[in-house]
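**Student:** Take the sequences, apply the hints, and build the full model.
Chains as they are written, first to last, in the working numbering: chain C, 1 to 179; chain S, 1 to 178.
Treat the hints loosely; a few may be bogus.
To be verified - Derived contacts from chain C toward chain S, CB cut-off under 10 Å, selection only: (1) Ser22; (2) Tyr33; (3) Thr53; (4) Asp111; (5) Asp115; (6) Asp145.
What the hints assert, rightly or not - Keeping only pairs whose Cα atoms sit at most 16 Å apart, straight-line, the calculated EDC-like set for lysine to aspartate or glutamate is: (7) C/Lys59 to C/Asp13; (8) C/Lys12 to C/Glu23; (9) C/Lys9 to C/Glu65; (10) S/Lys24 to C/Glu30; (11) S/Lys49 to C/Asp48; (12) S/Lys27 to C/Asp111; (13) S/Lys41 to C/Glu44; (14) S/Lys41 to C/Asp26; (15) C/Lys133 to C/Glu159; (16) C/Lys9 to C/Glu23; (17) S/Lys43 to C/Glu18; (18) S/Lys41 to C/Glu30; (19) S/Lys24 to C/Asp115.
No lab work stands behind these hints: they were computed from the structure.
From the three backbone atoms N, C-alpha and C, an ideal C-beta is built for every residue, glycine too.
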Amino acid sequence: MSKDEELVKKLKDPTQKEKAFSELLDVYQERLYWHIRKIVTTHENADDVLQNTFVRIYKSILKFEEKSSLHTWMYRIAYNESIRFLEKNNKKSHRNIDEVPTSNLQVLFEDAYFDGDEVHKKLHKIIAGLKEKQKRIFHMKYFEDISFRQMSEILETSESTLKSTYYSVVKIIEKKIFL
Amino acid sequence: MKKETENTNQNNFLKGGFKDDISKHHKASLGITVPEGYFSKSKRSIIDKIEEEVVTEVPTEMKKPLIFWLRPQFKFMAAASLVFILTLTFWLQSANNRDVDKSTIEFLSFSDDNLINALIGNDNEFEAFADAILINEIVIKAELSEQKMDDLFFNSLFVEDSLIDNYTDDQFLETIIL
Numbered sequence: 001m002s003k004d005e006e007l008v009k010k011l012k013d014p015t016q017k018e019k020a021f022s023e024l025l026d027v028y029q030e031r032l033y034w035h036i037r038k039i040v041t042t043h044e045n046a047d048d049v050l051q052n053t054f055v056r057i058y059k060s061i062l063k064f065e066e067k068s069s070l071h072t073w074m075y076r077i078a079y080n081e082s083i084r085f086l087e088k089n090n091k092k093s094h095r096n097i098d099e100v101p102t103s104n105l106q107v108l109f110e111d112a113y114f115d116g117d118e119v120h121k122k123l124h125k126i127i128a129g130l131k132e133k134q135k136r137i138f139h140m141k142y143f144e145d146i147s148f149r150q151m152s153e154i155l156e157t158s159e160s161t162l163k164s165t166y167y168s169v170v171k172i173i174e175k176k177i178f179l
Numbered sequence: 001m002k003k004e005t006e007n008t009n010q011n012n013f014l015k016g017g018f019k020d021d022i023s024k025h026h027k028a029s030l031g032i033t034v035p036e037g038y039f040s041k042s043k044r045s046i047i048d049k050i051e052e053e054v055v056t057e058v059p060t061e062m063k064k065p066l067i068f069w070l071r072p073q074f075k076f077m078a079a080a081s082l083v084f085i086l087t088l089t090f091w092l093q094s095a096n097n098r099d100v101d102k103s104t105i106e107f108l109s110f111s112d113d114n115l116i117n118a119l120i121g122n123d124n125e126f127e128a129f130a131d132a133i134l135i136n137e138i139v140i141k142a143e144l145s146e147q148k149m150d151d152l153f154f155n156s157l158f159v160e161d162s163l164i165d166n167y168t169d170d171q172f173l174e175t176i177i178l
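**Tutor:** In structure tokens:
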């Protein structure tokens, strides 16, 4: 039995749930935070979504059928919560979807928790110009070190497609960053 | 990443990848940071939020009976009214059925008596009864209705004549003269 499987077992046991949830936070909180942060841009937004994600995980752990790994299941929840948050925000501000990448960059560069230089800004702009799936694959592999096997579970895409997409994105970025 | 770009070694760019500290990696590659001690504080606030939500979920369930139509007094009133309406409906229905049954039985017994009497009775009696019924009920009624028809016919003739007179007096002469 893997560590995650043991953790799930404890999480489903009411007598051990609280302790197991604390362990779960120690293992996954930081990773999920960064996954969310790259989608919702600012620290403040990421903090909100992270809380909602863990609340959802806590509430729906009994519904988790273990058809996928705990890691995959939690990443899906985090992604869905982030998208829900963005949709809600876009509705509030009546923003057009096409405007979002540019305004996201503006928001990011003005965020108190961004202290990047020109190269960082350039990299952000290149990433913002990628297709949504390319962006996700690059983020998951390069910044979160998720294996292609795990990624194929999360994104429901074959490993070979993920590998070819990732390496082509790396080439695009390398080419553009030195222009 | 800045160091890597400063080295201008294009082949090594993005080859560094993820090391041990995911937060450091994000700071170095993307220039994004988190407040100091954020993750330990965040853990506490997540646990607090969960406790808060679990506690607030119970009162929402308790609040349900406060909805007007779910209040106990209203429930009893609604139940009593329902019982009254149902009882009244059944009672009226059974009373109507009783009346129907009575008249039907009387009618059937009457017609049975007539048939039996007709079979048992004398031919003369039957003829006398038939004559009386035919003369009184059918012939007289037919004559009366014929008379009414005649009256209507005559009346219509008179009405029509008067209308013709009016027409000839008022309209016909005017049209000829003019």
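**Student:** Take the hints in turn and mark each one as holding or not.
**Tutor:** Status of the hints after comparison with the structure:
no., hint, verdict
1, Ser22, "holds, 7 Å"
2, Tyr33, "holds, 7 Å"
3, Thr53, "holds, 9 Å"
4, Asp111, "holds, 8 Å"
5, Asp115, "holds, 6 Å"
6, Asp145, "holds, 3 Å"
7, C/Lys59 to C/Asp13, "holds, 13 Å"
8, C/Lys12 to C/Glu23, "holds, 14 Å"
9, C/Lys9 to C/Glu65, "holds, 11 Å"
10, S/Lys24 to C/Glu30, "holds, 12 Å"
11, S/Lys49 to C/Asp48, "holds, 11 Å"
12, S/Lys27 to C/Asp111, "holds, 14 Å"
13, S/Lys41 to C/Glu44, "holds, 14 Å"
14, S/Lys41 to C/Asp26, "holds, 12 Å"
15, C/Lys133 to C/Glu159, "holds, 14 Å"
16, C/Lys9 to C/Glu23, "holds, 13 Å"
17, S/Lys43 to C/Glu18, "holds, 13 Å"
18, S/Lys41 to C/Glu30, "holds, 12 Å"
19, S/Lys24 to C/Asp115, "holds, 13 Å"
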